[in-house]
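Given the sequences, and given the hints that come with them, work out the whole structure.
Protein chains: 2
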Amino acid sequence: MTVIYQNILIIGGGLIGSSLARGARVRGLAGHIAMSDKSAEVCARLKDLGLADRVESNTVSLCADADLIIMAVPTGAIAPLAAAIIPAMKAGATLTDVCSVKGAVVDAVTPLLRGDIHFVPGHPIAGTENSGPDAGFSELFHERWCILCPDDESASAALNLQKFWEGLGSQVAFMPAARHDVVLAATSHVPHLLAFTLVGTAVDMETVTNNEVVKFSAGGFRDFTRIAASDPVMWRDVFLTNQDAVLEVVDRFIEDLSALKRAIRWGDGEQLFKHFEKTRDIRRRIIDAGQDTAEPNFGRDGEG
Amino acid sequence: MTVIYQNILIIGGGLIGSSLARGARVRGLAGHIAMSDKSAEVCARLKDLGLADRVESNTVSLCADADLIIMAVPTGAIAPLAAAIIPAMKAGATLTDVCSVKGAVVDAVTPLLRGDIHFVPGHPIAGTENSGPDAGFSELFHERWCILCPDDESASAALNLQKFWEGLGSQVAFMPAARHDVVLAATSHVPHLLAFTLVGTAVDMETVTNNEVVKFSAGGFRDFTRIAASDPVMWRDVFLTNQDAVLEVVDRFIEDLSALKRAIRWGDGEQLFKHFEKTRDIRRRIIDAGQDTAEPNFGRDGEG
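Protein sequence lines, in the order shown, are assigned to chains A and B. Its first residue numbered 1, the first sequence is counted upward by one per residue in our numbering. Its first residue numbered 1, the second sequence is counted upward by one per residue in our numbering.
Read the hints as simulated data drawn from the structure, not as lab findings. Please note that the accuracy of each hint is not assured.
In the SDA-like style, the derived pairs of lysine to any residue whose C-alpha atoms are separated by at most 25 Å in a straight line are [what the hints assert, rightly or not]:
1. 163(B) x 113(B)
2. 274(B) x 296(A)
3. 261(A) x 244(B)
4. 38(A) x 270(B)
5. 38(A) x 90(A)
Anything over 12 Å on all C-beta distances counts as not near chain B; from chain A, calculated [unchecked claim]:
6. 2
7. 6
8. 40
9. 44
10. 54
11. 61
12. 79
13. 81
14. 103
15. 109
16. 156
17. 166
18. 177
19. 246
20. 277
Backbone N, C-alpha and C fix where the C-beta goes; we use that ideal spot for every residue, glycine too.
In structure tokens, the structure reads:
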């Protein structure tokens with residue numbers, strides 16, 4: 001594959017950062033890969049894993065050489081990080097991020113920007129429930145979507161960044177940050193909130209032991225525990241920085257849940273059936289779009 | 001393996017019934033397997049698939065020979081079915097079911113029972129989002145739990161039924177029907193209700209298109225669409241027949257969700273973090289108990 005950026009710097013050696021380093025290396029998208037992490041332990045692990053050409057805990061010292069800097073850190077860490085690195089960036093370089101919330105990142109970074117660098121907010125719709133440098137893998141972004149939210153100034157820099165994500169196997173969609181935050185509230189943030197909530201509810205029930213919850217989880221509960229095992233810092237920051245959109249979707253959800261509760265209480269089988277039938281079609285479309293496996297139970301039980 | 005029952009009759013050729021037939025055949029648990037289904041089309045398919053030694057749409061005609069009759073039909077179909085078959089059963093035979101709700105099944109069947117047959121309510125905690133005779137497979141029950149709810153009269157018949165389920169690869173737990181319904185409300189029924197609800201909410205939102213929901217579903221939403229694709233008739237019946245336990249868990253869930261909503265609205269990051277951290281441990285325990293894969297994303301994206 002073609003080198004898209006001569007020098008890239010990935011800040012943050014977690015699931016996303018370490019997957020980016022692996023993917024860029026395997027697919028030959030960068031001439032030189034530098035990485036940094038605020039944790040000395042993570043830096044040591046990145047070195048052991050050999051994920052980058054250079055690893056330093058002093059992030060600022062790595063900035064001057066980079067043509068692309070990717071901030072792969074939780075949303076809450078963006079503002080101080082951007083304030084530290086932007087003054088050290090090379091003229092003409094591109095800055096991006098991978099946070100799950102875009103409005104708050106734009107608000108944090110925009111006042112710090114210089115006229116001679118390009119900021120392209122980004123968000124790959126990919127991940128697993130695992131965290132840390134060992135959790136990453138080169139194909140994490142393959143066949144997944146990446147959303148970029150450039151403004152007029154950064155539109156041409158975004159075309160180059162698009163090539164980088166396409167090189168990782170992703171498809172790229174462009175949309176304004178505010179729209180991103182509404183769409184992701186429905187497709188990611190609220191699903192996670194419901195999973196975190198339900199797992200907590202089940203764990204706290206006095207009428208059901210935790211042993212029973214574990215043993216009989218294959219009836220549906222285990223699915224929720226996967227996303228409820230995701231990084232708590234990252235998810236705290238998502239909810240703190242995408243309040244409005246999350247609360248709007250949660251309120252709609254509670255309205256719909258109340259309607260189904262009422263149908264259950266009054267024994268309205270027809271309403272339940274109608275609702276349950278309409279939700280089948282969207283699964284089929286997700287499978288047809290290549291966004292999930294058609295294997296029953298996600299193929300995890302080795303059926304067939 | 002040892003034959004546990006000379007003659008078994010499986011009524012209902014769906015996911016569960018057809019998996020039972022396949023599993024009993026592969027593992028040599030029955031001398032002779034008969035099946036029936038109220039749908040002529042399903043009966044024809046069962047014959048084509050060669051899943052049983054004998055397939056008849058006239059269920060009652062098959063009862064006299066059976067040592068074990070398994071009612072693998074939705075909860076709502078149990079009462080009329082039991083009324084039809086119990087008078088035709090052989091003395092000493094065992095009757096069981098596989099419904100996700102046990103109290104309602106006991107209430108429906110008990111008044112119809114004869115003194116010379118044994119009724120052991122049962123529920124295998126296993127399934128997929130797919131339905132019908134082609135969806136079944138012999139290993140569906142392997143390493144899953146099966147709950148049996150015998151009373152004093154049927155306790156010894158239940159020991160034989162336990163061997164049958166163990167022969168299919170399951171572990172068997174005994175508990176009263178009422179307790180089963182509370183435990184399953186938390187571990188299966190409410191998770192399904194939330195998934196059905198959320199998928200409906202997302203599909204109905206005017207601010208997010210269905211195309212966007214499909215494209216960006218890998219952020220969490222796709223997990224919910226799997227269980228929201230489950231059989232609508234079966235799930236309608238579950239909610240109609242386990243009202244009290246389901247509504248109690250739903251109310252607890254809504255309380256907990258409201259508390260997290262409030263933390264989001266007030267920007268209480270500490271409360272969110274604390275909650276999100278406590279839900280990680282249960283995932284680990286489920287994996288350790290062999291009830292889910294440790295592979296990230298359920299292994300479906302071919303990582304690693």
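Comparing the hints with the structure gives:
1. 163(B) x 113(B): holds (23 Å)
2. 274(B) x 296(A): Not OK: residue 274(B) and residue 296(A) at ~34 Å, beyond 25 Å, violated.
3. 261(A) x 244(B): With Cα atoms ~11 Å apart, residue 261(A) and residue 244(B) stay inside 25 Å; holds.
4. 38(A) x 270(B): holds (21 Å)
5. 38(A) x 90(A): It holds: about 21 Å lies between the C-alpha atoms, which stays within 25 Å.
6. 2: Residue 2(A) clear of chain B: closest Cβ-Cβ about 25 Å, beyond 12 Å.
7. 6: Label holds. Min Cβ-Cβ 29 Å, cutoff 12 Å.
8. 40: Answer for residue 40(A): holds, closest chain B Cβ roughly 23 Å.
9. 44: Since the minimum Cβ distance to chain B is about 23 Å, residue 44(A) lies beyond 12 Å and the statement holds.
10. 54: holds (26 Å)
11. 61: Answer for residue 61(A): holds, closest chain B Cβ roughly 31 Å.
12. 79: At about 15 Å from chain B, residue 79(A) clears the 12 Å cut-off, so the statement holds.
13. 81: The claim holds: residue 81(A) sits with its nearest Cβ about 18 Å from chain B, beyond 12 Å.
14. 103: holds (15 Å)
15. 109: holds (20 Å)
16. 156: Holds: least Cβ distance 25 Å, greater than 12 Å.
17. 166: holds (16 Å)
18. 177: Holds, because the least Cβ-Cβ distance between residue 177(A) and chain B comes to about 15 Å, which exceeds 12 Å.
19. 246: violated (6 Å)
20. 277: violated (5 Å)
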